[in-house]
Amino acid sequence: MSGNAAIVGGGLTEWGEREATWKDLAQEAGKATFDDVDGIDRSDVEGLFVGAVQPERFAFQSHVAPLVAELLGIDAEMISRTELACASGQAALRYAWLAIAAGQIDVALVIGVEKMNLGKEYMPEMQSTMTNVLDREFDGVNGLNGPSHFAQFAQRHMHEHGTTREQLAMVSAKNKTHAAATDFAQYRDAVDVDDVLESYPIAPPLNLLDCSGITDGAAGVLLVSEEKAREVTDTPAYITGSGQSCLSSNSINNLPSMTTWPQAREASEKAYDQAGIEDPLAEIDVAEVHDCFSISEVIEYEQLGFAAEGEGGAFIEEGRSELDGDVAVNPRGGLLGCGHPLGATGVCQALEIHRQFTGDVPAERAVAGDPETGLIHNLSGSGSVHSVMTLGRDPQ
Amino acid sequence: MTRDDRSNDGSSNDGSSSDDPPRETVSIPNEVELPRLLDFYDLQDAEHTGIHEFYGNLRDGELTTTRCDDCGAVHFPPRIVCPECLSDDLSYTSLPHEGTLHSFTEVRGTAAIGMTDDTPFVAGVVDLGDVRLSARIDDASYEDLEIGDPVRLKIVDIDGPTDQDRVFYRFVPV
Ligand SMILES: [Zn+2]
Chain U
1 MSGNAAIVGG GLTEWGEREA TWKDLAQEAG KATFDDVDGI DRSDVEGLFV GAVQPERFAF
61 QSHVAPLVAE LLGIDAEMIS RTELACASGQ AALRYAWLAI AAGQIDVALV IGVEKMNLGK
121 EYMPEMQSTM TNVLDREFDG VNGLNGPSHF AQFAQRHMHE HGTTREQLAM VSAKNKTHAA
181 ATDFAQYRDA VDVDDVLESY PIAPPLNLLD CSGITDGAAG VLLVSEEKAR EVTDTPAYIT
241 GSGQSCLSSN SINNLPSMTT WPQAREASEK AYDQAGIEDP LAEIDVAEVH DCFSISEVIE
301 YEQLGFAAEG EGGAFIEEGR SELDGDVAVN PRGGLLGCGH PLGATGVCQA LEIHRQFTGD
361 VPAERAVAGD PETGLIHNLS GSGSVHSVMT LGRDPQ
Chain Z
1 MTRDDRSNDG SSNDGSSSDD PPRETVSIPN EVELPRLLDF YDLQDAEHTG IHEFYGNLRD
61 GELTTTRCDD CGAVHFPPRI VCPECLSDDL SYTSLPHEGT LHSFTEVRGT AAIGMTDDTP
121 FVAGVVDLGD VRLSARIDDA SYEDLEIGDP VRLKIVDIDG PTDQDRVFYR FVPV
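In order, the protein sequences belong to chains U and Z. Numbered according to UniProt numbering, the first sequence terminates at residue 396, and the numbering increases by one at each position without gaps. Numbered according to UniProt numbering, the second sequence terminates at residue 174, and the numbering increases by one at each position without gaps.
These aren't lab readings, by the way, just hints derived from the structure by calculation. The C-beta atom is built at its ideal place from N, Cα and C for all residues, glycine as well. Just to be clear, a hint being listed does not mean it is correct.
To be verified - Now the in silico label distances, taken between C-beta atoms and shown as ranges:
(1) Z:D20 / U:E19: 26 to 32 Å
(2) Z:H97 / U:C246: 29 to 35 Å
(3) U:F60 / Z:V174: 44 to 50 Å
(4) Z:V26 / U:D183: 40 to 46 Å
(5) Z:T93 / U:D44: 58 to 64 Å
(6) Z:V172 / U:E56: 36 to 42 Å
(7) U:E70 / Z:I158: 41 to 47 Å
(8) U:E318 / Z:D88: 49 to 55 Å
(9) Z:T93 / U:D360: 57 to 63 Å
(10) U:A363 / Z:V26: 53 to 59 Å
(11) U:D35 / Z:D88: 51 to 57 Å
Stated by the list, open to error - Okay, the calculated bits of chain Z under chain U, using three or more residues with CB under 8 Å as the criterion:
(12) 73-83
(13) 119-132
What the hints assert, rightly or not - Far from chain Z, some chain U residues (derived; all Cβ distances over 12 Å):
(14) D36
(15) L71
(16) I79
(17) Q104
(18) E227
(19) K270
(20) Q274
(21) A308
(22) D324
(23) Q396
Start from the sequences, fold in the hints, and give me the full structure.
What follows is the structure, given as structure tokens:
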């Protein structure tokens with residue numbers, strides 16, 4: 001038993017405002033995943049890990065892991081749903097990795113599913129659901145949810161570090177332009193900096209185009225042991241490191257800061273250490289980071305070790321996160337371009353790294369050179385928990 | 001074949017074939033009464049929450065929080081167990097009623113259920129020294145404010161779907 005685990009393929013639904021139920025989305029992504037991988041059958045699957053954040057409220061359905069097993073015809077001996085707000089998909093992947101590394105199973109289906117759109121007239125209900133991932137009694141009650149929480153990080157980062165409104169817009173323009181070449185993305189119109197600056201200031205200083213979407217979608221990957229991976233593909237994406245951090249903090253008072261995420265730093269340092277990465281900027285070729293809002297990506301450059309603290313704005317302005325930059329960040333278009341079906345996002349990020357390794361991406365958004373090392377990052381809720389995973393072409 | 005096709009296919013003179021399944025309309029309520037969950041404010045009395053003293057103090061005009069009698073840690077939100085030492089020997093201590101604005105935004109298009117009628121409103125983070133809390137900032141709009149502005153406590157009485165006299169804190173510019 002090698003202990004290593006690799007992604008050998010996966011599949012997706014179309015993301016956006018879908019005329020589809022939660023169960024429809026799970027079936028579409030499941031079928032697409034198995035259709036993508038030759039040599040692995042549903043009968044090979046021993047573990048099923050489902051990332052799903054709020055099916056209880058968005059789709060009035062709980063206990064969703066056995067529902068997926070039934071829909072896809074899987075007899076699983078290890079089965080669970082993970083809920084870690086916006087990082088649920090990566091959490092599902094992490095537990096599947098741990099199960100394989102521990103030698104308990106060889107083949108896992110990791111699938112993330114979220115049905116979020118209830119119709120525009122029910123937007124306040126949708127926003128309530130997002131509000132409740134914060135401490136509802138003391139933060140949600142004050143009007144905080146996605147945009148109004150992260151806007152205050154932007155306000156503070158601009159105040160402390162001189163980050164500009166234009167620099168935030170550059171993040172959105174970059175990612176949304178990448179998404180124009182992503183066939184499943186929710187937003188496929190290329191966007192420039194002026195478009196972002198002129199969009200509605202929905203939670204100032206953040207504008208509408210600084211925000212990711214409300215998205216129906218699902219994504220799946222097959223994660224298998226090294227032995228199995230060698231049987232079925234020449235281009236696996238091995239998980240080489242995985243870290244998480246939560247500093248006993250969730251509500252505003254207990255977050256370490258409103259300009260930094262030391263949890264992201266801790267999680268990434270743990271993953272880098274496992275992967276033997278000493279200089280992340282030099283060694284990581286492609287990064288899928290959690291750009292739920294434009295400001296998030298700026299802070300992530302700093303906390304993941306790509307830029308010094310306070311210099312995330314300059315990092316985007318100097319083009320260092322472009323496809324041909326020091327590290328290609330969010331080539332599929334990120335959450336800003338693809339949308340953010342909560343439980344599916346982390347799974348989709350990992351699939352994107354695999355596709356960048358195999359070259360199965362359109363030329364317009366292919367990472368320059370042959371990327372060898374990838375990273376995925378997710379934050380959850382108030383930014384209380386950060387999760388980082390590194391992937392490579394070779395086992396660790 | 002649709003049901004209309006079937007009734008017109010000539011197989012039955014009265015329009016209903018004997019092997020049609022029985023059919024009737026059943027009614028479900030036009031409205032359902034949900035538990036009081038969606039107005040965001042907790043029930044604040046001793047029957048419902050271990051931190052009722054926090055709400056009672058606020059009702060009496062004072063913003064307080066818990067302080068651990070064993071290790072001295074000051075918590076916010078208030079607790080019934082100290083997260084630093086797990087002591088349940090906690091006392092309520094006063095927080096300052098004036099502080100400074102640490103950050104802020106304005107909620108415009110993304111308000112939750114029960115808050116949409118209030119938009120636009122300012123949501124901020126207020127620095128009170130030992131404690132930094134989120135709060136709505138009344139009597140101000142986004143354009144009026146700057147980080148570091150002094151703000152002071154305001155108490156709102158919640159008129160809503162319970163018999164309880166519920167209260168909450170907000171802040172206003174000094
Ligand atoms: Zn204590």
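Cross-check of the supplied hints:
no.: 1; hint: Z:D20 / U:E19: 26 to 32 Å; in the structure: holds, 30 Å
no.: 2; hint: Z:H97 / U:C246: 29 to 35 Å; in the structure: holds, 32 Å
no.: 3; hint: U:F60 / Z:V174: 44 to 50 Å; in the structure: holds, 46 Å
no.: 4; hint: Z:V26 / U:D183: 40 to 46 Å; in the structure: holds, 44 Å
no.: 5; hint: Z:T93 / U:D44: 58 to 64 Å; in the structure: holds, 60 Å
no.: 6; hint: Z:V172 / U:E56: 36 to 42 Å; in the structure: holds, 37 Å
no.: 7; hint: U:E70 / Z:I158: 41 to 47 Å; in the structure: holds, 44 Å
no.: 8; hint: U:E318 / Z:D88: 49 to 55 Å; in the structure: holds, 53 Å
no.: 9; hint: Z:T93 / U:D360: 57 to 63 Å; in the structure: holds, 60 Å
no.: 10; hint: U:A363 / Z:V26: 53 to 59 Å; in the structure: holds, 57 Å
no.: 11; hint: U:D35 / Z:D88: 51 to 57 Å; in the structure: holds, 56 Å
no.: 12; hint: 73-83; in the structure: holds (count 3)
no.: 13; hint: 119-132; in the structure: holds (count 6)
no.: 14; hint: D36; in the structure: holds, 36 Å
no.: 15; hint: L71; in the structure: holds, 27 Å
no.: 16; hint: I79; in the structure: holds, 30 Å
no.: 17; hint: Q104; in the structure: holds, 33 Å
no.: 18; hint: E227; in the structure: holds, 44 Å
no.: 19; hint: K270; in the structure: holds, 23 Å
no.: 20; hint: Q274; in the structure: holds, 29 Å
no.: 21; hint: A308; in the structure: holds, 22 Å
no.: 22; hint: D324; in the structure: holds, 35 Å
no.: 23; hint: Q396; in the structure: holds, 36 Å
In this structure, none of the earlier numbered hints is contradicted; all agree with it.
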